[in-house]
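> Residue numbers (the working numbering), protein chains in the order written: chain A, 1 to 282; chain B, 283 to 615.
Hints listed in this document are in silico derivations from the structure and should not be mistaken for laboratory results. Certain hints may be false.
The calculated label-pair distances, taken between Cβ atoms and stated as ranges, are [as the list claims (entries may be wrong)]:
#1 A:V26 with B:K406: 42 to 50 Å
#2 B:D366 with A:K225: 39 to 47 Å
#3 B:K406 with A:A22: 36 to 44 Å
Per the computed footprint, the stretches of chain B lying under chain A, defined by three or more beta-carbons under 8 Å from a beta-carbon of chain A, are [what the hints assert, rightly or not]:
#4 389-402
#5 458-469
Beta carbons are placed, not taken as given, at the ideal position from N, Cα and C, and that holds for glycine.
Residues per chain are reported as follows:
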Amino acid sequence: MSEPSRPSVPPGLWQKCPKCRALLYVKELERNLRVCGQCQHHFQIGTAERIAQLVDEGAFTELDDGLLPANPLDFPDYEEKLVRGRAKAGQNEGFIYGDAVIDGVPTVLGVANFAFMGGSMGSVVGEKVTRALERGADLNRPVVLVCASGGARMQEGIVSLMQMAKTAAACARLKATGNLYIVVMTDPTTAGVLASFASLGDICIAEPGALVGFAGPRVIEQNLKIKLPPGTHTAEFQLNHGMIDLVVPRRELRTTLGKLLSYLAPATAAADVDAPVAVAVD
Amino acid sequence: MISPSRWLPFEKPLQDIEEQIQALEAYAAAHGIDRSEKIAELRVMHADLSHQIFSNLSAWDKTMMARHPNRPYTLDYIKLIFDDFIELHGDRRFGDDPAIVAGVGRLNGETVLVIGHQKGRDVKERQFRNFGSARPEGYRKAMRLMELAERRHIPVIAFIDTPAAEARLEAEERGISEAIAACMALMSRLRTPIVVSVIGEGGSGGAIGIAVGDHISMLEHSVYSVIPPEGCAAILDTFGRDGTRGHEAACALKITAADNLRMGIIDEVIPEPLGGAHRNAAETAVLLKDTFTRVLAGLHKLPTDVLLANRYAKFRALGQYIDPSAPKKKAKK
Ligand SMILES: [Zn+2]
């Protein structure tokens with residue numbers, strides 16, 4: 001379910017922090033990886049910026065960037081929304097993936113684009129996530145997926161729902177080949193995406209303060225007419241409840257990923273747990 | 283059979299005729315007069331009208347049918363289909379979720395694991411069953427028992443009937459998202475046949491969480507959707523963010539059994555008795571049982587590796603997009 005989009009970045013030298021209202025110098029904010037120097041609020045960032053922050057210099061080759069959404073249900077207004085999403089996100093769809101090197105480790109890296117219809121999972125997102133996971137399985141490489149999504153793509157209806165099963169199956173397949181799968185949850189990671197591939201990481205990391213939850217707190221408050229205590233449905237809440245492994249600030253994310261990848265998935269190791277070989281011991 | 287005590291708006295003409303029949307029968311009995319000719323006439327009218335009404339239901343009408351308070355639920359079908367059923371409880375981690383029932387049953391002399399969402403019939407039971415909205419414990423109970431089924435080479439039969447998974451804070455705290463995701467992942471590789479049937483509401487993540495299988499069917503008047511139509515209408519500007527326009531969203535979302543079959547989401551539509559499953563639960567159960575029996579016989583013939591490869595390919599193929607690099611492999615419709 002897509003949440004209304006956040007206020008977009010106004011052009012100019014200064015930008016207001018949506019959380020603490022501090023006026024931030026844009027150059028400074030960029031140097032700070034788009035984290036507020038006052039309150040540590042992590043701004044949503046684009047895919048290019050994210051990839052640049054995570055991979056070794058220039059070490060990303062995008063795959064299947066030509067996949068385009070169809071309109072499987074002939075849903076009213078969908079095509080107009082796709083056009084607007086494309087303009088807003090500057091990309092064909094809400095997810096990109098490709099071959100990357102992170103701290104020297106060859107990795108399949110996927111990054112969601114929240115600017116494209118709230119990062120919602122339609123057929124293209126589901127297909128690309130699946131292809132990323134399958135590529136990891138086929139090439140014996142770790143897969144890192146950076147998530148940001150309001151959930152299912154309503155306009156693709158049941159076809160969107162099926163992407164949950166499809167991506168979950170691909171996660172299971174990747175793990176069965178013995179490969180490592182790391183998820184990075186960014187603001188927001190919710191609903192159908194959280195309830196499928198995003199929750200299946202061997203290691204789940206979230207950025208501080210990110211909204212992480214099955215149903216957004218606003219949805220729950222509206223639907224159930226209740227008031228939630230503060231701080232639910234956040235990265236820290238999920239950490240406290242044992243649902244994620246780590247909350248990692250953006251400036252440490254690359255180092256943390258690099259360590260985990262080189263400790264758990266060094267380029268030489270290629271396990272295949274599906275084909276155990278008996279070894280005679282005397 | 284469950285008596286139709288509540289009527290849906292489009293059933294109103296039938297209600298009128300049934301009341302006339304009852305009145306005539308009562309009058310005839312009380313006064314010793316023969317009214318059989320008139321009654322027979324009314325019955326023919328009733329049948330004609332039923333055919334007309336139930337073969338032309340809109341997606342919204344079907345939503346009402348799928349949610350009909352008298353619609354048979356999982357435990358009703360279990361009683362009618364299986365020769366024996368022992369319900370098993372608990373996820374061994376936190377608790378037992380009455381919104382998903384699970385247990386071992388006997389189908390034509392074969393042991394099967396049965397899982398399914400369970401709604402409640404009266405106010406008290408509805409609350410007890412949480413309106414069929416499963417909590418993390420439900421999915422984890424299903425997983426625990428499916429692992430047993432895998433070990434014992436017992437096929438799994440799953441009944442789908444839920445408005446949605448539970449989203450309240452308690453469910454969030456115990457990882458409802460992870461539970462659904464893990465259950466789908468497990469089912470995608472479970473080394474035993476899985477047969478799934480949507481018997482009422484196939485509601486979003488709550489439904490697909492236990493609906494990954496080798497054969498997916500839907501009862502004729504059930505629905506399968508990514509979101510309840512009202513919810514969709516309430517959040518999309520397409521419907522003016524107006525929750526009362528659910529009938530429009532229901533149509534746009536393509537949620538009926540026929541729609542799902544056309545789009546390749548399901549394998550089969552199981553017809554319901556005239557007037558819907560709640561008019562004749564026993565007959566519906568026979569039709570479900572026949573389907574399970576036939577499908578399992580076919581699945582049992584497949585080597586496990588083929589079964590699993592087919593299951594992966596089945597869900598792998600779902601999605602429609604344009605791939606310019608592989609124009610021939612475009613979009614499966
Ligand atoms: Zn701030």
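> So, for every hint listed, does it hold in this structure?
Outcome of the hint check:
The hint said 42 to 50 Å for the Cβ distance between A:V26 and B:K406, and at roughly 60 Å that hint is violated. For B:D366 paired with A:K225, a C-beta distance near 44 Å keeps the hint of 39 to 47 Å intact. Separated by about 53 Å at the C-beta atoms, B:K406 and A:A22 break the suggested range of 36 to 44 Å. Under a criterion of three residues with beta carbons nearer than 8 Å to beta carbons of chain A, the stated coverage of the region 389-402 of chain B fails, only 0 such residues being counted.
Counting residues of the region 458-469 of chain B whose CB falls under 8 Å from any CB of chain A gives 9; the rule of at least 3 is met.
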